[in-house]
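Heads up: the protein sequence lines correspond to chains A and B, in order.
Sequential numbering of the first sequence, starting at 2, is according to this note's numbering.
Sequential numbering of the second sequence, starting at 46, is according to this note's numbering.
Note that these hints are calculated values from the structure, not bench results.
On a predicted model such as this, the values are computed, not experimentally measured, just so you know.
Quick reminder that beta carbons are idealized off the backbone N, C-alpha and C, glycines included.
Some hints here could point you the wrong way.
Computed beta-carbon distance windows for the label pairs [to be verified]: (1) B:Thr221 / A:Ser253: 55 to 65 Å; (2) B:Gln359 / A:Leu216: 27 to 37 Å; (3) A:Leu175 / B:Gln274: 51 to 61 Å; (4) A:Ser253 / B:Thr100: 47 to 57 Å.
Covered by chain A, according to a simulated footprint, are these stretches of chain B (three or more residues, beta-carbon under 8 Å) [said to hold, decoys possible]: (5) 103–116; (6) 174–187; (7) 316–330; (8) 353–360.
Short, incomplete list of chain B residues facing chain A, as computed with Cβ under 7 Å [said to hold, decoys possible]: (9) Gly207; (10) Thr210; (11) Val248; (12) Val252; (13) Gly371.
So you can see what is in the structure, the chains are spelled out below.
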Amino acid sequence: MTAGAIGREIDGRSWLVGLLRAREIGIVLLIAIVVIVTSVHNSHFLTANSVQQLLSGAAIVALLGVGETLVLVTRNVDLSVGSVLGLSAYVVGDLFKHEHIPVWSGFVIGIAVGMVCGAVNGLIVTALRVPSLVVTLGMLYVVRGVDSKIVNGNRIDPDAIPNSFTAVGYKNILGVPWLAVIVAIVVVVVGFVMRSMRSSRELYAIGSNPDAAALAGIPIGRRVFSAFVVSGGLAGLGGALFLALHAQIDNSGGTGYELTVVAAAVVGGVAIFGGSGSVVGAALGALLLNTVSQALVASRVSSFWNDAIAGGLLLCAIAFDRWLSLRVTRSLLSAERSTA
Amino acid sequence: MTSDVVARPAPARSSGNGSSGNGVAHRLRSVLRWEAGLVVVLAAVLIYGSGESSTFLTGTTLFNLGYNVGYIAIMAMPMTFIVMTGEIDLSVASMLGLSGSMVGYLWHHGWGIWPAMLVAIVVGVVGGALNGFLVVRVGLPSIAVTIGSLTLYRGIAEILLGSQTIPAPNDRPFPTWFDNLGALGVAGSQLTWSTLFFLVFAVIFGVILHLTSLGRSLYAIGLQPEAAQFTGIRVARIKFWLYVASGVFCAFAGILLTAQNASVTYNAGTGLELNVVAMVLFGGVSIFGGRGTIPGVVLSIAIFATLQIALTDQNVDPNVQNIITGLLLLISVIVPNGGEALRRLRSRLRRPPRRR
């Protein structure tokens, strides 16, 4: 983002800048390559049905990736998203079972549960100035524990959930799964806000240089707090969607999601040290990881290869980012030398 | 490390009015206070446990301690050093699974147990070296690298074993002495081999950290890597070898876990990385590096382990026990910073509200 602005001033390096800016395009190309190569081997890979599965499968991780991006950009991290997803999914399911709440309120309650968790994270991190990695790691356990306490060995079965709610998990609109539509709307809205609004640009400023951001008068505490609340809220919405998709829930929903979500964001070009990355990138990162795993299934490569390839991909992505930023630094230095 | 802006604590050393000697003394005092607190917590857990169950303070508990956390505790030792230098290794549990899977894979293909174990350790060296190379030479953030290798190593384990449990029904069983390594105590006592190994490692790591110049360099690297570099500490080399050590110890823990279960699946120990990090942080090691002690981490491990047994004796659902794990972790960062936050709040209230 900032590199793009600086880079524009350097003549002859615009291709590099273009590449940097177009991280999202790079991922789209990669997804396209995977899809094409796979569909050559297996003609069923490009059928509507399997593409729909692909999108639904990636949707929830992509949604969590959007929230995670906001937090990562400020040089923080939210490891509690998986637990928050599990808690909100069960709470919503439980209310459907025992209180017969209306379908729409399931989503509202899911988001609310998530926002409360996010607010606790944000409050501890900003008011007490303690490292978010430790706080959200603690919350990962606390929220999962609270979830298990509420679940108490029970589970919510499909017959307890209204059909119109689970329909969100399997119905399509114009051939696109509802899940993907909802997540796409979130990505577009948050993506627009992150590009255009002052307060969200300040998130990037905080992540790029906290001291400078403080000197510039940015209310760091409030901004970081909001990032955590949004991340929690989206994880809560993710919980409601998770329930709609799987139509059942026990105390293990969303276990281990936290690192997958961070991985998707990092593959999507979100810097783990803050200051750069876009929510579209994070969502595409989730889509890429899911496309690869589906492609393996379709190519009849044993699904056992899944994790190894995802891990290799992640390592390549961060190494590539590093290489790119070194190139930019070098070109900036040489530009400086030629003007001096 | 993902250090955060807001969260970066304002440490005593930045207050500026004291001499450097004061700063060290202050830090020493705060460290000791933390460990004293841990001792109190441990005593409280022991009293609680023995009050609730008459069998708590017996050898059985000692055996269960080793059985439940011995192999996790071994992984916490190199993790302590890595966090001390301001880095992190999230791939530990995957390395444990990979090492066990390697033993299982080779065993399945007719290898002897000794060569299989040797190869598993070599895998630990290679895996640790890959992490170290990417973090130190390529200069990538350790949290991102090790999330990647977490997935990669678990993935390789999955490729090796697939959905099999080794020894498979048509396999030879593991040698009896190997199974006994995990199932029986040392020389008929209730002390498990994993506990014994852990205690030996804890002494070694403790001596290195607190009595050698290498240990002092770890603090220096964690507090200020550039300054450490200028004083002649080989920062890159030390960090690299710490990752290799982490790989080796996790591989060793993987072998122990395989022996303990008398079998192995690719997903052994999934998710333990966060438990290890939690133990290290609760032991008073700063996530920013430069602060922490081995006795603190050992106490923290003892607290987690005994609390788990005490609560299981009370039939508290293991998942609900997570609440306590999480709260302990939160307390470990909130208590040292709470006083600072209160002071800030008070000074803000006292200041007349000029702006806003």
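Checked hints:
no. : hint                            : verdict
1   : B:Thr221 / A:Ser253: 55 to 65 Å : 36 Å, violated
2   : B:Gln359 / A:Leu216: 27 to 37 Å : 53 Å, violated
3   : A:Leu175 / B:Gln274: 51 to 61 Å : 59 Å, holds
4   : A:Ser253 / B:Thr100: 47 to 57 Å : 31 Å, violated
5   : 103–116                         : violated (count 0)
6   : 174–187                         : holds (count 5)
7   : 316–330                         : holds (count 5)
8   : 353–360                         : violated (count 0)
9   : Gly207                          : 5 Å, holds
10  : Thr210                          : 14 Å, violated
11  : Val248                          : 27 Å, violated
12  : Val252                          : 28 Å, violated
13  : Gly371                          : 3 Å, holds
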